[in-house]
Amino acid sequence: MSIAIATKRVPLDPNWKSVLDCAAVEVFEIMAGTRLTPFVPPAVEPGAEPAPERQGGLTAMVGMAGVLCGMTTIRCSSDTAIRLASKMAGDEAAKDPNIVSDAMGELCNMVAGNFKAKITCLADHCMLSVPTVISGDSYVMQAAEPSEVLLLALNFDGSPIHISLITRS
Amino acid sequence: MRKLKILIVDDSAVMRKIVERALRQAGLDIGEVLEASNGAEALVEVQKGSLDIILSDINMPVMDGLEFLKSLPAIEAAKGVPVIMITTEGSEARVVEALSAGAKGYLRKPFTPEQVKERVSPLLVGVL
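Chains A and B supply the protein sequences, listed in that same order.
With my numbering, the residue at position 136 of the first sequence is 136, and numbering never jumps.
With my numbering, the residue at position 26 of the second sequence is 26, and numbering never jumps.
Hints listed in this document are in silico derivations from the structure and should not be mistaken for laboratory results.
Please read these numbers as outputs of a predicted model, since none were measured by experiment.
For every residue, glycine included, the Cβ atom is placed at its ideal position computed from N, Cα and C.
Do not rely on the hints blindly, as some may be mistaken.
As the list claims (entries may be wrong) - Here are the simulated DSSO-like pairs of lysine-lysine, each with C-alpha atoms no more than 30 Å apart in a straight line:
{"hint": "1", "chain 1": "B", "residue 1": "K104", "chain 2": "A", "residue 2": "K118"}
{"hint": "2", "chain 1": "A", "residue 1": "K118", "chain 2": "A", "residue 2": "K17"}
{"hint": "3", "chain 1": "A", "residue 1": "K87", "chain 2": "B", "residue 2": "K3"}
{"hint": "4", "chain 1": "A", "residue 1": "K118", "chain 2": "B", "residue 2": "K3"}
{"hint": "5", "chain 1": "A", "residue 1": "K87", "chain 2": "B", "residue 2": "K48"}
{"hint": "6", "chain 1": "A", "residue 1": "K95", "chain 2": "B", "residue 2": "K70"}
{"hint": "7", "chain 1": "A", "residue 1": "K95", "chain 2": "A", "residue 2": "K17"}
{"hint": "8", "chain 1": "A", "residue 1": "K118", "chain 2": "B", "residue 2": "K117"}
{"hint": "9", "chain 1": "B", "residue 1": "K117", "chain 2": "A", "residue 2": "K87"}
{"hint": "10", "chain 1": "A", "residue 1": "K8", "chain 2": "A", "residue 2": "K87"}
What the hints assert, rightly or not - Here are the in silico distance ranges between beta carbons for each label pair:
{"hint": "11", "chain 1": "A", "residue 1": "K118", "chain 2": "B", "residue 2": "K70", "range": "26 to 32 Å"}
{"hint": "12", "chain 1": "A", "residue 1": "M141", "chain 2": "B", "residue 2": "A77", "range": "33 to 39 Å"}
{"hint": "13", "chain 1": "A", "residue 1": "V130", "chain 2": "B", "residue 2": "V96", "range": "21 to 27 Å"}
{"hint": "14", "chain 1": "A", "residue 1": "D91", "chain 2": "B", "residue 2": "G126", "range": "34 to 40 Å"}
{"hint": "15", "chain 1": "A", "residue 1": "P14", "chain 2": "B", "residue 2": "P61", "range": "49 to 55 Å"}
{"hint": "16", "chain 1": "B", "residue 1": "Q115", "chain 2": "A", "residue 2": "D96", "range": "24 to 30 Å"}
Isolated chain A (complex conformation) (with noise of 0.2 Å):
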């Protein structure tokens, strides 16, 4: 491969987040035909505890190396990626987790790869690992470096989708 990685770091910018949330967007609207608004949780009664966030379901993550190095991930729930991939592969598709999956791992590299193709400095600069898609949710992630992270939750007919980046700072 003929790609030179510059070895300099480009430091996470907050201003990212809008660019993140712009590429996302566009990404679940041309592949899944879906438009995500801003996820609001629903309103809690006064002294009630909010109810727990649904979890289990699937984490997908992209790597990212070169002067950003991190991750992009997208998690939800396994009734939201099931839904997500009936839009993108069918319904009769959607019924094999593989596939479900697959659409949650294309989704993440292809909103990671539409986020750095935004940012000048790291469309270039910025490699992409193959997706890596995790089942459940009793899982935590620790980072070998400090790190930084943008996080957003986006709206998928009343379900929550969070989509993070996540910086070695």
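Once you have looked at the hints, place chain B on chain A.
Same frame as chain A, now just chain B:
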């Protein structure tokens, strides 16, 4: 009028379906669609001959899209078959490398059916 025979190369089954759907939505008269999940599988399909166009992802395991592209000139059946590369990354360098290696165009994910038509149709003049 004969229908198009197309090869779609991508390690993601979902993306292969999306590419095929985009081609159909673009109004192309598609007959047979062959699929391969990496460059090595694609080379086997290419050797069978009679393809009208190939759309290939770049990042794939086993044999990536650029290596696949660079292997095509050695295959008689690939002569004259246009190849469009599909990339997730916004890397100009990879696009330039693909075009230098003989690709006739590229598509960046995410892509619309209109963008697919814009890239593919000019390469099929004389076929359709």
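Results of checking the hints against the structure:
1. B/K104 - A/K118: 24 Å, holds
2. A/K118 - A/K17: Since the Cα atoms of A/K118 and A/K17 sit roughly 12 Å apart, the hinted pair holds (cutoff 30 Å).
3. A/K87 - B/K3: Holds, at roughly 27 Å.
4. A/K118 - B/K3: 38 Å, violated
5. A/K87 - B/K48: 33 Å, violated
6. A/K95 - B/K70: 37 Å, violated
7. A/K95 - A/K17: 33 Å, violated
8. A/K118 - B/K117: 23 Å, holds
9. B/K117 - A/K87: Holds, at roughly 21 Å.
10. A/K8 - A/K87: 40 Å, violated
11. A/K118 - B/K70: 26 to 32 Å: 30 Å, holds
12. A/M141 - B/A77: 33 to 39 Å: Violated, at about 47 Å.
13. A/V130 - B/V96: 21 to 27 Å: 22 Å, holds
14. A/D91 - B/G126: 34 to 40 Å: 38 Å, holds
15. A/P14 - B/P61: 49 to 55 Å: Given about 35 Å between the Cβ atoms, the range is violated.
16. B/Q115 - A/D96: 24 to 30 Å: 28 Å, holds
Hint compliance for this structure: hints 4, 5, 6, 7, 10, 12 and 15 are broken, all remaining hints hold.
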